[in-house]
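Assemble the dimeric complex from its two separately framed chains, guided by the hints.
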Amino acid sequence: MTYHIDKEKLTAYVLGELDEAERKAVEKALEEDEALRQTVAELRATAKLAAEALKTEPAHALTEGQREAITSRLEKASEAARRQREVPRFRWRLHVAEIVALAVTGLILLSLIVPSHVGRVHRKMKPVEESEEPTSGYDVDLWGNGIYEEAERREKLSVAGDGLTGGSRDAITAGRGGLGSAATQADEGLATLEVSRADRYLIKNASLVIETEDARKASDLLVAAVQELGGYVSDFREAVDRLGRRSISVQVRVPADKFQSSMERLEPLGKVMNRQVTTEDVTEQFVDTDARLRNLKRTEERLLAHLDRTGELEDIVKVEHELTRVREQIEVLEGRLRFLSHRVAFSTINISLQERPKAESVVPPETYSIAKIASEATRSLIGFFQRVAGRIIWLGIWSVVWVPLLGVVLLLVRRGIRQARKAQE
Amino acid sequence: MGGEPLAKADWVRAALARYERPLIRYAARITGNIELARDVVQDTFLRLCEADRAKVDGHLAAWLYTVCRNRALDVLKKEDRMDSLQEGQAESVQSKGPEPSAVAAASEAYGMVFEALGTLPQNQQEAFRLKFQDDMTYREISQVMGISLGMVSRLVAAALSDLREQLRGKIDLVREV
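Chains as they are written, first to last, in this note's numbering: chain Y, 249 to 673; chain G, 481 to 657.
Next comes chain G alone, as it looks inside the complex (with noise of 0.2 Å):
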């Protein structure tokens, strides 16, 4: 008896500890607010108790991130903050995300690296993290943000040229790494 309520008990504790940091590092880009990136995917993670394993087994990945963007954008709406999300207003989420400058102490080119996204249209700085900060593949990407594969690889690709334009004239790229 309780053999696979126990699994899944188990199953959303890994969930939770794999995915708990990095949830609330995304909720966090789109809420602007970490309390309320928090409650978001403290709900994500109550919906996931709730969710048929079957249905979320094998994406589980795409499936948080995408139970908390539409919970962040839900919040965001109640908020009546959805203005300040609007493509072309990059410049604003700069503010948002943890202090850049804290972590660019580490290491002076990755400081560059969040000054060169932070210029960047706030749907390409969310693809790129996604890809990049989040691991996901681009097919995982456009389930999360509800859009197409190719708007995908457009988003990206555009992220990181322009990335790598900013930078080259800063660093020895190839070199530097």
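If we strip away everything but chain Y, and leave its shape as in the complex, we get (with noise of 0.2 Å):
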């Protein structure tokens, strides 16, 4: 057998760095061969001296600096092995705190938000009989056709303050700066007109809008009702619409100093879906047309005086005729002043009375519309599509405060977590 042997293989043989079949192959070779196995043994003799000669060789050790900078990395490998392995148990009690600590806030800045914008619509969704007190200039639609602002009522308020002249101006000053300061209370504002309106001429309006189970019914109690507070019907309507349902208008008019009563009386004829009161402040023009008026009677005086005096028939014309003419103003005027005080003594008070939809007739089958009804779910989906963005847009622009506000939140749960997590330690 020709096995070639190279001092690779005799190297690798000597140091049992061969495999089994190698290793045979070599053992044989050496049986056959005496050169072989005097090389073998020279490289296995140099093997061992050489390994005995390189072990006697002087090895150094760290410095004991050293030795320590490993020891404390080890400790705290250690330790951030151990945290490591520990925050799992940790982590999903960090997680619920963190959405607990993300819900409460998100409550928190929605009930600061929102209020302002919702709770408006709350108010439009309310019976009136139950939330609402007899405001001047304040309406209430139960019918979601919108309600007046505030900044509305407040200009209908200044208006009825700008009405005034000379002392009653005055008067009303210290009302308007209280109005103005406090110009989102507009009950506060209406409680300073009523204080004021000794010497102030007021009209009062108000329209009503009542749900009944029997028009007609109602009227009859209203009309009787308004007779016995000494009031008068000026007006009335009745109709009836396809569904069979009576409606009727009714004006009546009341005397101011009854106005809050026959209030009161009216509306427990039915159901109050809307109300509207409203106050005319008229002292400017009747302080001005008293003035005129008085103006004018002293001047029909002067002109009977003169025309005593006078003899001559062409002045007695000419004052004739000039006291025609005042006196055709002074009638005026005072047909303008009765006006107003019986606008100012009676109240008026629209009312309209409608009956409920008939059991049966809830969804008339005429009425009944696939379309109408697509349409007014659109309109209802587009509608929460806008309340969502809008609610998106509050949200992203009081992000300056509640981002902030979550970030101290989280924050400290973390640190109240990790707080917890050393006192276990």
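One or more of the hints may lead you astray.
[To be verified] Straight line, CA to CA, 30 Å or less: simulated DSSO-like cross-link-like pairs of lysine-lysine:
no.: 1; chain 1: G; residue 1: 488; chain 2: G; residue 2: 535
no.: 2; chain 1: G; residue 1: 488; chain 2: Y; residue 2: 324
no.: 3; chain 1: Y; residue 1: 272; chain 2: Y; residue 2: 257
no.: 4; chain 1: Y; residue 1: 519; chain 2: G; residue 2: 488
no.: 5; chain 1: G; residue 1: 650; chain 2: Y; residue 2: 324
no.: 6; chain 1: Y; residue 1: 303; chain 2: Y; residue 2: 276
no.: 7; chain 1: G; residue 1: 557; chain 2: Y; residue 2: 303
no.: 8; chain 1: Y; residue 1: 296; chain 2: G; residue 2: 650
no.: 9; chain 1: Y; residue 1: 276; chain 2: Y; residue 2: 296
no.: 10; chain 1: G; residue 1: 488; chain 2: Y; residue 2: 257
no.: 11; chain 1: Y; residue 1: 670; chain 2: Y; residue 2: 519
no.: 12; chain 1: G; residue 1: 650; chain 2: Y; residue 2: 255
no.: 13; chain 1: G; residue 1: 535; chain 2: G; residue 2: 557
no.: 14; chain 1: Y; residue 1: 670; chain 2: G; residue 2: 488
no.: 15; chain 1: G; residue 1: 557; chain 2: Y; residue 2: 506
no.: 16; chain 1: G; residue 1: 650; chain 2: Y; residue 2: 257
Think of the hints as simulated: they come from the structure by calculation, not from any bench. Keep in mind that this is a model prediction, so the values were computed, not measured.
Take a look at the structure:
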């Protein structure tokens, strides 16, 4: 057998680095080759000597400082590893705490942000008789047609104030100051208005939309109540729609001092769906007209005195002519004053009595329309998206408040958990 | 709690006790400077502290020597003394390691071994030392030096037979041993 054995293979053999087959092949070759056996013996001896020699070579150790550095790193690494293993136990708690914190913060923010918007909607939905006091220039519309904004209310109150003159205006100024500072508190403003009513001329108007079972019966009760209070009916209209629902519109005039009690008597006639009360201040017109009237009367007196003194026909004709003109004006002004007085003395209330839809005609076949339902649904959907978008815009803009707030909350929660973990350790 | 990290600390300490000195000796041969070698070995063990035990276990020696070698070569590169380690400049190495004469005093034969070893090329010396000084297998040496198994075999064989040739005339090898 010719098995080529080089020094590499022999070395590997000596050092035990050959696999089984190779080792056997080399051993077989060695049996046949004396020189090869000698080489192996020498190689083995050299290897042994070299290993012994090299093992005697001095080897240095690390310095103490270096050992300490390794030990302290080891402790840190162990600590880190332990912490890493322990974190998962806390992680879910951390997540739960984060979600809770998020939810709480979200609720707080929603309650902070939304009331100004949604609260109004709620008010709109509430039956009026339970929640609203009669207020001047304040409109509550249950049909969702929108309500008067506070700004508008304020405007009306301001108009009322502007209508005053002289001392009256001074008297009101204080009231308007009060309004200005608490403009949103319309009821307060109204109270101020009430206080200064004594020297003012106010025309009160109200309109009521009342839903009732039987419009005719309600209108009879209404007329009786108005007459009992010393008022009268100034207009009466009755109509029936396609669904057989009767609606009656009545305009009544009641003495101004009975206005409040009239409203109280009228409202129980049914469910108040809409109520509007406005107050018009005519003090300035009243005072102006009165002053002009007095001036004209003085002019009339002077003209009469002049007529007594003069003897010339031409003068008499001129004076008579002038006197006629002045008296005409006096009559116009007196008429105006009487009209105003009456308007002030008698408040106007427009009542619309509407019958509830009859049970059998809730959804009359002719009014059922898939297109209408679809359009309503679409409108509702669009409304929903608009509300969502609105909410998102609110949240986005308010993020300057809630993002830092949330950050602080999360930070506190994390710190709390870390401390709890430390305490546990 | 802490069963595994404690075990790891013990593991690193055991590795330190077992390999600290051999590694410094190995690093010193590369850097030619005992302080640099210490720094390199400290760094090697610091890395072991951070290492994932599962990835190191089973070939700890190879891992330590590999990291140590790479660190040492990095340090050398920084020191701009890479040139002195190029193959074929074996002579320069003799002045680096521990003083052979100090060892030789113990045995004349050992002195001859060191003398003969000093004449070999650097990579032969390195492979040879890893084999006989650090008791590594060819496979481990190939991992540490980043060369093939065949290359390790050639380097070790060349070194051993060269040594044998050199020592042959001076001492009766077989009888001596």
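Satisfaction of hint between residue 324 (chain Y) and residue 488 (chain G), Cα-Cα up to 30 Å: holds, 12 Å
Pair hint outcome, residue 303 (chain Y) versus residue 276 (chain Y) [Cα-Cα no greater than 30 Å]: violated, 33 Å
Straight-line alpha-carbon gap residue 650 (chain G) to residue 255 (chain Y), limit 30 Å: With a Cα-Cα distance of about 21 Å, the restraint between residue 650 (chain G) and residue 255 (chain Y) holds, given a limit of 30 Å.
Pair hint residue 557 (chain G) and residue 303 (chain Y), alpha-carbon separation not exceeding 30 Å: Within the cut-off at roughly 29 Å; holds.
Pair hint residue 650 (chain G) and residue 324 (chain Y), alpha-carbon separation not exceeding 30 Å: Status violated; Cα separation ~55 Å.
30 Å Cα cutoff - pair residue 272 (chain Y), residue 257 (chain Y): holds, 12 Å
Holds or violated: residue 557 (chain G) to residue 506 (chain Y), with C-alpha atoms at most 30 Å apart: Since the Cα atoms of residue 557 (chain G) and residue 506 (chain Y) sit roughly 107 Å apart, the hinted pair is violated (cutoff 30 Å).
Restraint status (C-alpha distance of residue 488 (chain G) to residue 257 (chain Y) at most 30 Å): violated, 40 Å
Proposed proximity, residue 296 (chain Y) with residue 276 (chain Y) (alpha carbon, max 30 Å): holds, 23 Å
Pairwise hint evaluation, residue 488 (chain G) against residue 670 (chain Y), where the allowed Cα distance is 30 Å at most: holds, 23 Å
Residue 519 (chain Y) paired with residue 488 (chain G) [C-alpha distance capped at 30 Å]: Not OK: residue 519 (chain Y) and residue 488 (chain G) at ~82 Å, beyond 30 Å, violated.
Distance restraint between residue 535 (chain G) and residue 557 (chain G), which requires alpha-carbon spacing of 30 Å or less: holds, 28 Å
The structure does not agree with the numbered hints 4, 5, 6, 10, 11, 15 stated previously, though it agrees with the rest.
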